[in-house]
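Start from chain A and add chains B and C according to the hints.
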Amino acid sequence: MKSERTRSERKLAWMLCAPAVLAMLLVTAYPIAYAIVLSLQDVDLRFPDEGGFVGLSNYSAVLSSDLWWTDIFNTVFIMLISVSIELVLGMAIALVMHRAIFGRGVVRTSVLIPYGIITVVAAFAWQFAFSPETGFINNLPLISDEMDWFGGRFSSFAVIILAEVWKTTPFMALLLLAGLVTIDGQLYEAARVDGATAWQRFTRITLPLMKPAILVALLFRTLDAFRVFDTIFVMTRGALDTESVSILGYNQLISRLNLGLGSAVSVLIFLCVFLIAFVFVRGFGAKVEEGRPGG
Amino acid sequence: MERSGRDYALWTIAIALVVIFALIPVVWLISISLKPPEALTDQRFIPSDISFDNYKSLFEGGIDDSPFIKPLINSIGIALITTAISIVLASFCAYAIARLEFPGKRVILAGALAIAMFPPISTVGPLFDMWRALGLYDTWLGLIIPYLTFSLPLAIYVLVAFFREIPWELEQAAQVDGATPFQAFTKVIVPLAAPGVFTAAILVFIFCWNDFLFAISLTSSDASRTVPAALAFFTGESSFTAPTGSIAAAAVVVTVPIIIFVLIFQRRIVAGLTAGAVKG
Amino acid sequence: MSEIVLEGVTKTFADGFEAVKDMDLDIQDGEFMILVGPSGCGKSTALRMIAGLEDISSGEVKIGGETVNDRSPKDRDIAMVFQNYALYPHMTVRENMGFALKLAGADKGEIDKKVEEAARTLDLEQHLDRRPANLSGGQRQRVAMGRAIVRDPKAFLMDEPLSNLDAKLRVQMRTEVAKLQSKLETTTVYVTHDQTEAMTLGDRVAVMRAGVLQQVGTPADLYDNPKNLFVAGFIGSPAMNFMPGELSGGRLKLPIGEVDVGDLGVQGHDGQVIVGIRPENFEDVEVIGDLKEERGVTFEAEIDLVESLGSDLYAYFHIESEGVQSDQLADIVEESLEETGAGEIREGHEQIVARLDPTSKVKRRDTAQLWADTSKLHLFDPESGDSLRSGSNAG
Numbered sequence: 001m002k003s004e005r006t007r008s009e010r011k012l013a014w015m016l017c018a019p020a021v022l023a024m025l026l027v028t029a030y031p032i033a034y035a036i037v038l039s040l041q042d043v044d045l046r047f048p049d050e051g052g053f054v055g056l057s058n059y060s061a062v063l064s065s066d067l068w069w070t071d072i073f074n075t076v077f078i079m080l081i082s083v084s085i086e087l088v089l090g091m092a093i094a095l096v097m098h099r100a101i102f103g104r105g106v107v108r109t110s111v112l113i114p115y116g117i118i119t120v121v122a123a124f125a126w127q128f129a130f131s132p133e134t135g136f137i138n139n140l141p142l143i144s145d146e147m148d149w150f151g152g153r154f155s156s157f158a159v160i161i162l163a164e165v166w167k168t169t170p171f172m173a174l175l176l177l178a179g180l181v182t183i184d185g186q187l188y189e190a191a192r193v194d195g196a197t198a199w200q201r202f203t204r205i206t207l208p209l210m211k212p213a214i215l216v217a218l219l220f221r222t223l224d225a226f227r228v229f230d231t232i233f234v235m236t237r238g239a240l241d242t243e244s245v246s247i248l249g250y251n252q253l254i255s256r257l258n259l260g261l262g263s264a265v266s267v268l269i270f271l272c273v274f275l276i277a278f279v280f281v282r283g284f285g286a287k288v289e290e291g292r293p294g295g
Numbered sequence: 296m297e298r299s300g301r302d303y304a305l306w307t308i309a310i311a312l313v314v315i316f317a318l319i320p321v322v323w324l325i326s327i328s329l330k331p332p333e334a335l336t337d338q339r340f341i342p343s344d345i346s347f348d349n350y351k352s353l354f355e356g357g358i359d360d361s362p363f364i365k366p367l368i369n370s371i372g373i374a375l376i377t378t379a380i381s382i383v384l385a386s387f388c389a390y391a392i393a394r395l396e397f398p399g400k401r402v403i404l405a406g407a408l409a410i411a412m413f414p415p416i417s418t419v420g421p422l423f424d425m426w427r428a429l430g431l432y433d434t435w436l437g438l439i440i441p442y443l444t445f446s447l448p449l450a451i452y453v454l455v456a457f458f459r460e461i462p463w464e465l466e467q468a469a470q471v472d473g474a475t476p477f478q479a480f481t482k483v484i485v486p487l488a489a490p491g492v493f494t495a496a497i498l499v500f501i502f503c504w505n506d507f508l509f510a511i512s513l514t515s516s517d518a519s520r521t522v523p524a525a526l527a528f529f530t531g532e533s534s535f536t537a538p539t540g541s542i543a544a545a546a547v548v549v550t551v552p553i554i555i556f557v558l559i560f561q562r563r564i565v566a567g568l569t570a571g572a573v574k575g
Numbered sequence: 576m577s578e579i580v581l582e583g584v585t586k587t588f589a590d591g592f593e594a595v596k597d598m599d600l601d602i603q604d605g606e607f608m609i610l611v612g613p614s615g616c617g618k619s620t621a622l623r624m625i626a627g628l629e630d631i632s633s634g635e636v637k638i639g640g641e642t643v644n645d646r647s648p649k650d651r652d653i654a655m656v657f658q659n660y661a662l663y664p665h666m667t668v669r670e671n672m673g674f675a676l677k678l679a680g681a682d683k684g685e686i687d688k689k690v691e692e693a694a695r696t697l698d699l700e701q702h703l704d705r706r707p708a709n710l711s712g713g714q715r716q717r718v719a720m721g722r723a724i725v726r727d728p729k730a731f732l733m734d735e736p737l738s739n740l741d742a743k744l745r746v747q748m749r750t751e752v753a754k755l756q757s758k759l760e761t762t763t764v765y766v767t768h769d770q771t772e773a774m775t776l777g778d779r780v781a782v783m784r785a786g787v788l789q790q791v792g793t794p795a796d797l798y799d800n801p802k803n804l805f806v807a808g809f810i811g812s813p814a815m816n817f818m819p820g821e822l823s824g825g826r827l828k829l830p831i832g833e834v835d836v837g838d839l840g841v842q843g844h845d846g847q848v849i850v851g852i853r854p855e856n857f858e859d860v861e862v863i864g865d866l867k868e869e870r871g872v873t874f875e876a877e878i879d880l881v882e883s884l885g886s887d888l889y890a891y892f893h894i895e896s897e898g899v900q901s902d903q904l905a906d907i908v909e910e911s912l913e914e915t916g917a918g919e920i921r922e923g924h925e926q927i928v929a930r931l932d933p934t935s936k937v938k939r940r941d942t943a944q945l946w947a948d949t950s951k952l953h954l955f956d957p958e959s960g961d962s963l964r965s966g967s968n969a970g
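Protein chains in written order, with my numbering: chain A, 1 to 295; chain B, 296 to 575; chain C, 576 to 970.
Hints were generated in silico from the structure; no laboratory data involved.
Below, a list of computed lysine-lysine pairs in the DSSO-like style, where the Cα atoms sit at most 27 Å apart:
no., chain 1, residue 1, chain 2, residue 2
1, C, K677, C, K758
2, C, K743, C, K758
3, B, K400, A, K11
4, B, K482, A, K11
5, C, K649, C, K758
6, C, K649, C, K596
7, C, K689, C, K677
8, A, K211, C, K677
9, C, K637, C, K596
Just a few of them, taken from the derived set where beta-carbon distance is under 7 Å, the chain C residues facing chain A:
no., residue
10, L628
11, P648
12, K649
13, M655
14, F657
15, N659
16, A661
17, H665
18, F674
19, A675
20, L678
21, A679
What you are looking at is a predicted structure, and each value in this text was computed from that prediction instead of being measured.
For each residue, glycine too, the CB sits at the ideal point set by N, CA and C.
Isolated chain A (complex conformation) (with noise of 0.2 Å):
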């Protein structure tokens, strides 16, 4: 019987995807309901005998409280920057890998090298780079000798973009590449005897063909980027205000052990996320049907 096929196939399916929902969903769907349960109470961990469901107060003493508005604009700036320039280096580097005319394996090659770097790692060596007693860049012509780029707060975030977007073009590149092949090249011919040259060739054809590409690869790299830990904390730990939203949630739970705070925190992140996603995704029309997640 055809139902009866397709019933036993059905339950084959499930079956065969069953574990792997069941590991996803545990470490998400759980912990976030728990995370939301946390936070409208007063849990600390350092005074394990106070506490208490405190309903929304956690809420509006992140909302009220000036570092996490700080926080949130040093997220913001950086996550803006940072994009906008992997954008833009990202589609060169495409380009080149695209038209190539030789050494593309090289290039291929290079390009993933900062993929395969634990960002940590990378975020050290920046860090050395910069460093006014060890760093290198200092000695560079057209920089001073002494500038202190982690003295100051918007060098820092400097030196934090150049770091971040160092580890992420190159995946940025792959995606618009994987973009860049799907353009018929006889397009580019047909342009060519219709006149153009070639940079109205990129604004009128490449551009306006690679839209989908561009707004998943924009869509995943921004939500990356609000992310953004790991370069921070080894680069200043957060100093002189270039905190970002993440290391504040890490501060409150891990360091403070202030789960309450901690967790209302975590849950604001949670819909910043959401709501930037839902922008990208109803407001620009991104199509994540068939996108790609990590990196």
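Showing chains B and C alone in chain A's frame:
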């Protein structure tokens, strides 16, 4: 179009720029790691003297006292175990999604995507609390579980993309040729699926290897601290010197094998990362 | 004036492959010139060199009297129709057709006027605001043509524009293209691998093979007076039949008989030759009646296969002979088999196809009495493949 000398020159410059961009930090780390401790502040990009002191200090003290060996073992072990489990679970799931018809396919894929976009920080608090209660704090399992969760979406997506490309009729053709279902699966499907599985495994491994947030939140000692976490808490030769040299050496030890690995498998990695990225 | 002249044009690719070898071609202003030949013969490459999409290794291309070798496509004032149409998927039909004008900076009113005029000519008016993805193959093809027309260029270059259409549509569009060209009177260079298209569309046809121009002429010219074996076998469907012959003192010995060719004017070439006879120059003896007394030879043939198409009857038979050694022929046979389905030539055993009157009663396995019109013979040198004499004008 014919290539002029000028075209070649421009392309060479473009490619050189990309390569330099990619390699600066790596070369820099190697350079620091090879500097003798006194030369650390000489601000030179290339060391003038080479010394392996930094590497020696990493391994001093053997397994128990060296600041590096235990974390290295932790990293490798945890990553391998997570990869193994993740690939198995993801393969089952991807096989079902790619081959079978059932409601909820899209929900699972959408859910996996949602998890990939999830901020891990939001789970750190509860996990910290739960793990302490369950005794999983500062254990391998305590890291393997969240790694599993967050690597599964990646693995599932890559595997689904690869599995969709396999011509499943070959299995039936093999059976017509006289193979049992098991033989058909092992001799025909498995070899075809192997590259995809291998690629997914590489991506999952790199993901685990790279994690920092969970590593520092859910561990507190050598028992399960992985290399990234250990690096952040390295101490130098004395409590007054910055551990720059040892960090650089550790970084190199942990990076160079991965780079070689990435070089060898670059085609697979690129294929995996862009799998399904922008399907026409 | 927009004549196109190719002088000694050669194209050598980076790996050493010579796609076009020293080609000379004069295309008149307003002429419809077809480049035809089997796959890989260099016709598309030649077209792309005229367009400026391929660099010219040596030689000159002149459009309207000016050498354009170093000019980019947009400066040559030519329009191109691609095989896969190359329509911009993210633009509407109107935008596709107006793209070139927009790039050139024409004002909106002018663009609209020209686009609508072209749309009217091609019957695309109701599709102007649709996207290519929503159009049928035939409609897309017309948009591709519209894009070319709108620019009012010096020349149209078309690269197998009808290949992607189904057979019926192709025939329909063929007439449309012909009508359009004669109405617009624009110089057109058209590439195709289909010799039927070549014969029906062109004012003149240039046959190419392996990068070398074989012959240029009107369709009738190529059909009646092919310069070599290749052109003879390529043009005409079903293809010309080839058989070995021996020429001795004005007398030609064929597997099907002997005939005087003294008056065919072949000077001093005695020995082996290759003889070509077109299928329509055979007939069933029962049908031709008294004509067989005047000229030609009659012979017996064992019929292998008969294809009845209603208006024609094709009879396949084989003749015994000592095969003529000819590398030319072997090559041509190889290519012909792929391209035109011409007869097979094996050592000592030629297969011939004859087109007979539909009233003929010839059937498979019959031993039929057939007649061949020997005044229409083509003779070829077995080594060079060159024509020694062609069959048309004598009788």
